[in-house]
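Please put together the full structure from these sequences, using the hints given.
So the sequences go chain by chain: C and Z. The first sequence begins at 1 in this note's numbering and counts up by one. The second sequence begins at 1001 in this note's numbering and counts up by one.
Watch out, some of these pointers could steer you wrong.
Said to hold, decoys possible - Quick list of the computed label-pair ranges, beta carbon to beta carbon:
1. C:277 / Z:1231: 31 to 39 Å
2. Z:1279 / C:80: 33 to 41 Å
3. C:9 / Z:1043: 49 to 57 Å
4. C:101 / Z:1043: 40 to 48 Å
5. Z:1144 / C:268: 50 to 58 Å
6. C:346 / Z:1231: 31 to 39 Å
7. Z:1235 / C:110: 47 to 55 Å
8. Z:1271 / C:152: 38 to 46 Å
Rather than coming from a laboratory, the hints here were simulated on the basis of the structure. Think of the CB as a built atom: it goes at the ideal place given N, C-alpha and C, for glycine as much as any other residue.
2 protein chains.
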Amino acid sequence: MKREIYVGRVGIGGNHPVSIQSMTTTDTRDYSSTLAQIKRLYIAGCEIVRVAVPDQESVISLKTIVSESPLPIIADIHFNPDLALKSIKAGIDGIRINPGNISSISKLSKIIKTASQHNIPIRIGVNSGSIEKKYQKSGKTRAEMMVDSVMDKIKFFEDSGFCNIKISLKSSDVKETIKAYRMIDNLCDYPLHLGITEAGTIFSGTIKSSIGIGSLLADGIGNTIRVSLTDDPVKEIRVAEEILKVLGLKEKGIEIISCPTCARVSVDLINIVKKFEERLSKIKTDKNIKIAIMGCEVNGPGEAKDADIGIAFSKSKAYIFKKGKLIDKLNPENSLEKLINMVIES
Amino acid sequence: MKREIYVGRVGIGGNHPVSIQSMTTTDTRDYSSTLAQIKRLYIAGCEIVRVAVPDQESVISLKTIVSESPLPIIADIHFNPDLALKSIKAGIDGIRINPGNISSISKLSKIIKTASQHNIPIRIGVNSGSIEKKYQKSGKTRAEMMVDSVMDKIKFFEDSGFCNIKISLKSSDVKETIKAYRMIDNLCDYPLHLGITEAGTIFSGTIKSSIGIGSLLADGIGNTIRVSLTDDPVKEIRVAEEILKVLGLKEKGIEIISCPTCARVSVDLINIVKKFEERLSKIKTDKNIKIAIMGCEVNGPGEAKDADIGIAFSKSKAYIFKKGKLIDKLNPENSLEKLINMVIES
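Below you can see the structure in the form of structure tokens.
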């Protein structure tokens, strides 16, 4: 079993289910577009989202993104250690760096120390496209070079007293990726983030990711996954979910669909959903039940109808749906109890 | 290495490349529709085609299909041994039976003898959905039951002096399929036909087949494959070809590697790649050309260098690589034309 780390509220490794990640494709400096995309990813089933932070302006935007995101945020940093430090201070839930492209050892140590102070994990991500020269030895396969490179980095982190890490070894070559992950899986107990880089378009990217991520997961290797597609990242989530379902790694059980909330919502939906989740966590069921909790009358009734049990709030009422049919209108304050009873009875 | 068999002109096992199969979805009695579909499959890259033969009328039609088909024909027979005998006499190139559903031992012997006289191979195909009761023992996994069942059948064929066989062990459960094939691969040297049954729609079927077939092929298991989709069988060929390409098992032609884009990307990479794919689809080449189209300076230059032709965008420039060497710096808007010309010239 792998060690357990947390990216925000999402546990990775240990006994945690394999989680689904994606990455925003918007300009991070444009926080409203970025947040809109994060909300779409959240609704689609994404559990952790990564955001590239290539410059100072992005760091400023990051603060807003972190505070308003429904998902834990990982900052993706390359080359510039100052951006890493500032991102951590902006309140991110995790950071991804490739230590190979941060040239100053003292700066790397500073990043590790700051992550430690803020109690956030670091993903050490080595990609086949950026292996440092010193690991490019003849007689070694590229998978071996990637593993050599990452093992050195792990040692540096451990020597710094920092073990809140996860590892990725991504290659655009699928067989190489499988080999590299099989090797590292035997060599360390840090949770593994799986992915195929530069997988390509929806067609070939789906196939590449399914083979690479899927064959590793089928053998019990991998703790969190990201499907990369040169397309709308929401499509990455659909492919990732299907891979997990195919391998029996995603229990459907009670599935809650809820809107990310916006100006139209007149109830405190985030708290309603939180309370509801809390209550539900105590109910055991073998059934797959899809529950939609929607904040307003725009998408609310549509989503709520599509679910087994649905609730859509208007300004003064809660509309209750069962298998697509409106069955009740209640005061919002009574609706939570009603939903819980419907779940117990179903 | 596995034994070598031949389905018509197509070698399976030995040093032969992994071949692609499909199955017609037309009414076999309607030979003109069936032949039309076989021709579409042939053009798409299918190498062997299977045709269901459920009744006497289909056998009559089969003669015409066999004589006019551009592809070797395998007859798929269940339950009725007489249809098997008549199909062999109709000139088919191979036959697929599940010996478990042919109840008469003497009839099974007759099929084996007739196949031997006509020098055609038999696929012994055991499916998880039709394991005979005697193999359904408690304490065994379903994968083990499938293997037990097929091993008994192999023994019967060998005792009859017939070794011109290939084996399939298909399950709709992907992990079970992987387990069953890994076991049988160790137990015998007959070539293996890979597939996932009831894989489903294009979306989930592509993912299921990619994981199941792909992870076995990645470990060198499997000699011929069939992707099953509830869709036009031509789509099965596209998925099968892509699986083989991803694993380096098929001459690639033009392969595009592209990044999933993120906030670092300053060009509209998704559209650039789409346009490029469109233009490329009109260029015919016998060569294997790997083209990397990368959005930024992080993994961009590394991946672009590793490709035959590469392009990495920065904020204002497109850097063009050929066989790892930077050969040009252009305005991004001129780069597509440059790449197309490089492909044509190479």
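Verification of the supplied hints:
Taking the beta carbon of each, residue 277 (chain C) and residue 1231 (chain Z) are about 38 Å apart, inside 31 to 39 Å as hinted. At roughly 36 Å, the beta-carbon separation of residue 1279 (chain Z) and residue 80 (chain C) lies within the given 33 to 41 Å, and the hint holds. With their beta carbons about 52 Å apart, residue 9 (chain C) and residue 1043 (chain Z) fall inside the hinted range of 49 to 57 Å. In this structure the supplied range 40 to 48 Å holds for residue 101 (chain C) paired with residue 1043 (chain Z), their Cβ-Cβ distance being about 47 Å.
Separated by about 54 Å at the C-beta atoms, residue 1144 (chain Z) and residue 268 (chain C) satisfy the suggested range of 50 to 58 Å. Restraint check, residue 346 (chain C) to residue 1231 (chain Z): a C-beta distance of roughly 34 Å satisfies the suggested window 31 to 39 Å. A hinted range of 47 to 55 Å for the beta carbons of residue 1235 (chain Z) and residue 110 (chain C) is consistent with their spacing of about 53 Å. The hint said 38 to 46 Å for the Cβ distance between residue 1271 (chain Z) and residue 152 (chain C), and at roughly 39 Å that hint holds.
Of the numbered hints given earlier, the model fails none.
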